[in-house]
Amino acid sequence: MKLRPLVALVVLIPVLLFAANAAAAPPDASGEYSKHFAALGKLSVAVAQAMPPEKYSFRPHPDSMNFGELMSHIAKTNYLFCAGLKDSAPPAFSSATDKDGIVKFLSDSFEYCSAVIPGLSSEQMNQTHSSPDGRLPGREVLLAMYIHVAHHRGQAEIYLRDNDIKPPSYII
Amino acid sequence: MLRLPFLVLAATAACSVPLWSQDNPLSTEAKSDYKVVRNLVIRAAEKVPDAGYFFKPTPEVRSFGQLIGHIADDQYRYCSAAKGESKSSQFEKDPPPKAEMVAALKSAFAYCDTAYEELVDASATEKVVFLGRTIPKLTVFTLHAGHAWEHYGNAVVYMRLQGIVPPSSERAGK
Chain W
1 MKLRPLVALV VLIPVLLFAA NAAAAPPDAS GEYSKHFAAL GKLSVAVAQA MPPEKYSFRP
61 HPDSMNFGEL MSHIAKTNYL FCAGLKDSAP PAFSSATDKD GIVKFLSDSF EYCSAVIPGL
121 SSEQMNQTHS SPDGRLPGRE VLLAMYIHVA HHRGQAEIYL RDNDIKPPSY II
Chain Y
1001 MLRLPFLVLA ATAACSVPLW SQDNPLSTEA KSDYKVVRNL VIRAAEKVPD AGYFFKPTPE
1061 VRSFGQLIGH IADDQYRYCS AAKGESKSSQ FEKDPPPKAE MVAALKSAFA YCDTAYEELV
1121 DASATEKVVF LGRTIPKLTV FTLHAGHAWE HYGNAVVYMR LQGIVPPSSE RAGK
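Going line by line, the protein sequences match chains W and Y.
Residues in the first sequence are numbered consecutively from 1, following my numbering.
Residues in the second sequence are numbered consecutively from 1001, following my numbering.
Isolated chain W, as found in the complex (with noise of 0.2 angstroms):
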C-alpha cells in the first residue's frame, strides 16, 4: 500500500496532464483523455471485483456507506458527472445490492464516460455544465471526477485491509 501513491503518480500523469491543460483543450484532447480515463474505469472496477460478495455489506462503522453502497456510490456519480457534460439527465440507476450487480452498475457508469468524453469539444470543456458540484466548466467536471473516484478509493482501499485482502494494482 505504501508505494501505490506513487505508482498512482506515473499512471495518472497523462490523465492529469490533460486535466490542468484542459482550458486550453485541443481538438483532440477528450480522446486523449478518454485513452486514460479507461485505465482509471479499470482499476476501479478491479477493486470492486477484490471484495468478496458476502463483503459488500461490509461497512467500518454503522454510519457509514457499506461497501456496495461505496461502490454504487462512486457509479452514480459517475452518471451525474458525465450526463451533465453532454447537458442531458443521466440514465435510471441501477438498484442492485448484490456483487455482481453493483459492479456491472459501476462498469456500465465508466463505459457511459467513456462514451461521452471523447466527443467533447473545446467549447464544451469550457462552457459550464449541470454537475452533482453545482455548475461547473467542463475541465472542472473532469477533475472533479477524477477527484471524486480518488476519495471513495482511498476508502475502498482500507475497507478491503479490513478484510484482509490486499488492494489491486494500479493498472496501466
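Please keep in mind that the hints were generated in silico from the structure rather than gathered at the bench.
Warning: the hint list may mix true and false statements.
Claimed, not checked - SDA-like cross-link-like pairs, simulated, lysine to any residue; straight-line CA separation at most 25 angstroms:
#1 Y:Lys1031 - Y:Pro1049
#2 W:Lys166 - W:Lys86
#3 W:Lys166 - Y:Gln1162
#4 Y:Lys1056 - W:Glu54
#5 W:Lys99 - W:Glu69
#6 W:Lys99 - Y:Thr1058
#7 Y:Lys1031 - Y:Ser1089
#8 Y:Lys1056 - W:Lys86
#9 Y:Lys1106 - Y:Ser1086
#10 W:Lys86 - W:Gly134
#11 Y:Lys1093 - W:Arg161
#12 W:Lys166 - Y:Glu1060
Start from chain W and add chain Y according to the hints.
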C-alpha cells in the same frame, strides 16, 4: 464520507472567488480545491487523539501517524517541485507524537500555501521537473490535490474504525 467535501468546495468557489479569478480560472480552481482538502486533513489530524496515532487497520499498512506524516512529507515533495526548490521531510519514516506531528503538518501546508499563492494562469503552464518528468506546474498541483484527497479518503476510514466522525461528515451530524 458522503459528498459534503465537494459541496463545500462548490460553495467555497461560488462565494469567495474574486473578480480577477475570471482571468485566472485554472489557478483559481486549483487554489479552491487545495484549501478544502488542506483544511480537512488538518482537522482530521487534530481530531484523532494521541493514542489514535498508533492505530493501524491491519498490521501491513501505515499507522494514522505515519499516514499524516506521509501527507506532510508530500507537501514538500510536490510544492518544492512547483517552486523549483529542494525541500523534503521524513515524518512518515519516524512520526513524532501527535502535537509535534500536527505542528509539522501545518508547517508543511504553510509551505504549500506559498506555492499556491504564487500560482497564476500565466505561470501554470511553466514546466517544472517532478519525479523525473518535466510537466506543467499546474499538473503538479493537480496531482497534489488528487493525492491529498485519496489519503484523506484513507484517513476517513481510519477515523470511522476508531469511532470518530470525519471532518467532512461533521455537518451531517454523524
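These are the hints, each one checked on the structure:
no. : hint                  : verdict
1   : Y:Lys1031 - Y:Pro1049 : violated, 29 angstroms
2   : W:Lys166 - W:Lys86    : violated, 37 angstroms
3   : W:Lys166 - Y:Gln1162  : holds, 21 angstroms
4   : Y:Lys1056 - W:Glu54   : holds, 24 angstroms
5   : W:Lys99 - W:Glu69     : holds, 11 angstroms
6   : W:Lys99 - Y:Thr1058   : holds, 24 angstroms
7   : Y:Lys1031 - Y:Ser1089 : holds, 23 angstroms
8   : Y:Lys1056 - W:Lys86   : violated, 43 angstroms
9   : Y:Lys1106 - Y:Ser1086 : holds, 19 angstroms
10  : W:Lys86 - W:Gly134    : holds, 15 angstroms
11  : Y:Lys1093 - W:Arg161  : holds, 21 angstroms
12  : W:Lys166 - Y:Glu1060  : holds, 9 angstroms
In summary, the numbered hints that this structure violates are 1, 2 and 8.
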